[in-house]
Amino acid sequence: MNGLNVLLTGACGRIGKTFFEASKNRYTFVLTDRVEPDFPVEAPHHFVRLDMADPKAIAEVLNGIDVIVHLAGIPHATATFDELLPNNILATTYLFEAAVAAGCKRLVFASSAQTIEGYPVDRQITPGMQVMPANLYGVSKCYGEALCAFYAAKRGLSTIAIRIGAFEFPDRHELTNARDLSAWLSPRDAVQLLQRAVETEGVQHLIAHGISNNRFKRLDLSETTRVLGYLPVDDAFREFDIPIAP
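So the sequence shown is numbered by the working numbering: it starts at 102 and just counts up by one.
If you're looking for bench data, these hints aren't it; they were derived computationally from the structure.
Calculated lysine-lysine pairs in the BS3-like style (CA-CA distance at most 30 Å, straight line):
#: 1; residue 1: LYS206; residue 2: LYS255
#: 2; residue 1: LYS125; residue 2: LYS157
#: 3; residue 1: LYS157; residue 2: LYS255
#: 4; residue 1: LYS157; residue 2: LYS206
#: 5; residue 1: LYS206; residue 2: LYS125
#: 6; residue 1: LYS206; residue 2: LYS118
#: 7; residue 1: LYS157; residue 2: LYS118
Label pairs and their calculated CB-CB ranges:
#: 8; residue 1: ASP155; residue 2: ARG339; range: 40 to 48 Å
#: 9; residue 1: PHE338; residue 2: ASP183; range: 35 to 43 Å
#: 10; residue 1: MET233; residue 2: ASN164; range: 37 to 45 Å
#: 11; residue 1: PRO221; residue 2: PHE341; range: 18 to 26 Å
#: 12; residue 1: THR277; residue 2: ALA160; range: 38 to 46 Å
#: 13; residue 1: GLY104; residue 2: ARG316; range: 34 to 42 Å
Where is the CB? At the ideal position from N, CA and C, for every residue including glycine.
From just these sequences and the hints, can you work out the full model?
This is the structure we're talking about:
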């Protein structure tokens, strides 16, 4: 244990479960989700079933929390505005406000590569490029990135937004083409990236890129590596037997 108390939202999702299992001997977790976990949660960790559309409920779980890793939300590119508004817009806003009120040190926000999917697939996304979402889900993640910037600049909260690519397990995945491979984020690289986002000191605001060390990279990793010391080890083009060309 390194002494950090971490609130992990969306803990029962694929990334949340993976991160918790790999980091439960590293941090003390408060896990939250709308559904009960299908994995054991033992002391000193505990689970709280939580609807993040309730700002009072959010505030109640933040006592003593140092870092929030916010993975909760609707994750589908086809999500409608009616789905996104309470889950990705309002709930995220409530969480940021509650984090400041509770004196949390940092909020790590799970953004998405969907914030830039409006660009051609053969164009690499480099730091500083403007957002270009291709769907309303991507728009909701752009809003979350804007919240990160605002709360870092005006409210004193350290924020790191991670544009998560195609998180898939090697033995069960939905990757089908070279574009998918270029955006792959492996489970162990995701754990490393989240741990670096939780622990790296001296970062007030960063938009990080969350993919593995793929031979061709949809998202440039230079700034993420420089600031967070993130050194991914997996390569989708080595791992998966998927042709680069159709």
